[in-house]
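Sequential numbering of the sequence shown, starting at 18, is according to my numbering.
To be clear, the hints were calculated from the coordinates, so they are not data collected in a lab.
There could be a bad hint or two in this list.
[Said to hold, decoys possible] Each pair of labels, with its calculated beta carbon distance range:
(1) Phe883 <-> Leu443: 52 to 60 angstroms
(2) His345 <-> His409: 51 to 59 angstroms
(3) Ala161 <-> Asn775: 55 to 63 angstroms
(4) Gly635 <-> Asn428: 45 to 53 angstroms
(5) Ala24 <-> Asn208: 19 to 27 angstroms
(6) Asn446 <-> Val533: 53 to 61 angstroms
(7) Gly769 <-> Gln368: 24 to 32 angstroms
(8) Gln256 <-> Ser220: 49 to 57 angstroms
(9) Val904 <-> Arg482: 33 to 41 angstroms
For each residue, glycine too, the CB sits at the ideal point set by N, CA and C.
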Amino acid sequence: MEEQRLAEIHQAFSQNHNLPNKILNLALSLITSPFSSYSTLSSLLDTLTICLQNPASDHTNHHRVLSLVSSLSHHHPHFRHQIITIVRAFIYLPSTPSSSLHYALSVLLSANTKLNFPPGSTETTDPLADESLFLSLCFGQSVAARCILLRNVSKFCVRPSVLLPVLLGFTRDPYPKIREVALDGLVELSNCIMVEDQSLIESCYFRAVELLLDCDDPVRRSAVRTVSEWGRLLVAFNQDQSKKECSDAVFIQLCSMVRDMDMKIRVVAFDALGKIRMVSEDILLQTLSKRTLPKIKEDRYYGQFTAKLPKISGAAFAFVHGLEDEFHEVRRSACHSLCMLTAFSTEFARQAVNIVMDMLNDDSVVVRLQALETVRYMAISDHLMVEETILHRFLGTLLDRNDSIRSAARNTLQSMKLQNLAMFRLGLNSLMKNLEFYPQDEADLFFILFKLGRTHGKFVGSIIRDVFHELEPSFDGKLGFDNARTVALLVLGISASVSFERQICTVPPQIFSYAVTELGRISRALSDVVNQNSLLAYLSHCSRFTVVSASEFFKGEEPALQLEQSDFLLCQKSNESSEAYLTSPLLDYLANLHDRVTSCVKIVLRKISDIWRLIELGCMGEVIQTLRNWKEEFSKLTNYSPQTVGILAFTSKYIHVIKLLGKVWSHILPSGNLRYHGMGVLEVLLGKIDERLQEMWYRFTGLSREEELHLLEIMLLSCVLRISYLETCNFDASLKKICTIISRVENLCKEGAIELSNFVIDLQKLLSDIGNSSYGVFENVHLLRKSLKCFSPRQIVLSGEIKHLEAELNVHDNDFQNPLPFVSGLPVGIPFEITLYNLTPEKRLWLTMSVDGNSTQFVFLDLHEFGGCDEIMKFTFVAPFYGTPRVKYFSLKVRIAMECLSEGVRLFNYCEGPKRELIFLCKENEVHLSTPIK
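Between the sequences and the hints, there should be enough to build the whole structure, so can you do that?
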């Protein structure tokens, strides 16, 4: 039967006439049949090949034959290599009509996709490895074939040095579809190659900028994406201040497209704005204002990035236009971009929150959900200042008809930091109304109440005292726990006993007894943090106390309540009685006992290695909260010993560094939620880590070799993270810094007979491999990234001799209402009262003074002139300020800084100022000056 069908097919194809549908269906049945033999299919393929290679064949048959060849490739993969060779030969035939080329290319690309050749493969059967095939077809007559080629540039093994000019040239093609796919090809190419020629990057970027004015909508849409991606490369190529100016220019250029007539272009423009990683605060604020702000009144944005600069007015009111757009897709995209950009400026977030609150009343559910996500992101990033008016507008979403909106609103409320009891009570009442109107939300609402109570434990005690009468049995001894509100209050009471806040929170023990009667209902709601047996044991134990707090339960025995891992870490059983003081809310009682304070510090430092394991597992929320609580607890302690002051200050800064590293780790974990994160946020976090480490290195004396070694290893970790995950990082400069730090680590280890850590040893090997290899930057970055798995914090024990270098600066009786007199244009003397702590005369101190952040004047403080070398030095110093502006009133920003005299720090070229980098020793003070009233 197969032979008969095959003979009939062969006869029909050999006649070179238009193939009837009967023959085509017959051939297709042989291809799709699972019972067709290999020889039959091979003979059929030979017949199809003869038809394609026969110059006399009817050109109208090519499409049908190629369709059969494509089906054969799909159903029988073992023929794909042969099919690719056949189709490629067909493309090269001089007799092949241009109308058939795009069909042949479609078959070729489909077959090649299924072959999965590795990058750089030298497989001779891969026809797409031939660069000439791509170029000859690109410049051929067939527009359809050219379009297919440009849309699939990544599937061709064409050298980037050849492909980039070809794509750039086709952006000027007269056909809009070709211009569109050429721009898309540039976008795809920007993500897989490294361009080191700035002029080439600028050519691609500015060509895309020109096409933003194209008359075809799809071309403009692709141009926006190209401006975004090549603008990112242009920003990365620039250095220092030019980088920021370039990023601002790209941002303004994209803002000019948010008013485009095409809805899809507006969506793409806002999506691109959300990917920007560096923007000046003034320009961000301009996007929320109709009028040009005073600080940026120029018609154009000036800077070192001078070619084809966009107008600053293009950014005016950009986000307000987007959030008021008639299409919900645009409003959602604008809201998401706004969410990403709030990480760069607290002031921008403060002004944007009012606009976002208006979006909570949007007609579209997806827009309201995105608005809630934006508010939640601002709260998580500590950029949301919750005011009562804002809270009133937000709480209405808890009564929304949509289940998803209510759930998102509850999660957002749980992330907020409510400032006072009145606001907490307002939020609690709204949750109770949510429970009353939508009882189906009970389980999730109980869980949110539990988490809200843990972060606001200081307010829960007052609430419980006020509503305790609602929880007590009636006169006939019956418990009214059928009411969901009553059970919600019991959950709130339980949450206070395990609050993160280490303050005494008195919870009547009856609360825990009553909660036992609703054990199943409560345990279902809290199943994510505690199982039913542990909850029962905890409630039974706590009901025996007269006044219940977390410390009474966790003191001296294994906790029954297995909360999240970081809580268990705090509450685990200890063989040393001093460890009980770590989780006790009565830490303030230990302030006068120096040995107790030192003991608590040692306990915290021992816990850091355990905390780090949780960070690596991704348990970030509770870990960061725990570290923050430790730091706040140490800040409350009053100390009378200089040694204790230094230890506590060093430990607080160290805890802050670990918290920042935890946030960085949440960005780079494979399972991290990248919706809330951007590379700009990561760069800010790494910048803060470097700043804190520099403070710890220069502002503390008496560190042991082990402590210095640990700080250097964290510096190495920061450098590796910066190289591995920041595309804007200068690879060579960072690598040089790593080598310098490793050299210092090696010297310290030799002096103290200390073993190198696995992290440092691994880095040494990698640096040796990088130095001896011919790898490119991308491969070297990938090698360095592997070393992160070896890092683990060293166990450090503070020596107790640490001293904190500090300064206090004050101008007696000076404020806005009592300014110092001055004469405009003439120098003025400012009497400062200065207090220095632990600073020796050998330190080089400078007084920095500036007006409105402009040029800074430096005044050297020669400590030899003031005499004495006590731990505390007080004196009065009259500093001259020469740059008095020609105004009636101005304020002067003043700080005391210390010059870093060690090697490896940046040098400055101030004529009469510090020659090396400065470390500030006090907070910025403001001095008010005014001309005398005549």
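Evaluation of the provided hints:
1. Phe883 <-> Leu443: 52 to 60 angstroms: Taking Cβ atoms as reference, phenylalanine 883 and leucine 443 lie about 54 angstroms apart, which means the hint holds.
2. His345 <-> His409: 51 to 59 angstroms: violated (25 angstroms)
3. Ala161 <-> Asn775: 55 to 63 angstroms: holds (58 angstroms)
4. Gly635 <-> Asn428: 45 to 53 angstroms: Once the Cβ atoms are compared, 18 angstroms apart, the range 45 to 53 angstroms for asparagine 428 and glycine 635 is violated.
5. Ala24 <-> Asn208: 19 to 27 angstroms: violated (52 angstroms)
6. Asn446 <-> Val533: 53 to 61 angstroms: Given a distance of about 27 angstroms, which is not inside 53 to 61 angstroms, the answer is violated.
7. Gly769 <-> Gln368: 24 to 32 angstroms: violated (53 angstroms)
8. Gln256 <-> Ser220: 49 to 57 angstroms: violated (20 angstroms)
9. Val904 <-> Arg482: 33 to 41 angstroms: Cβ of valine 904 to Cβ of arginine 482: about 55 angstroms, so the range 33 to 41 angstroms is violated.
Checked against the numbered hints above, the structure violates hints 2, 4, 5, 6, 7, 8, 9; every other hint is satisfied.
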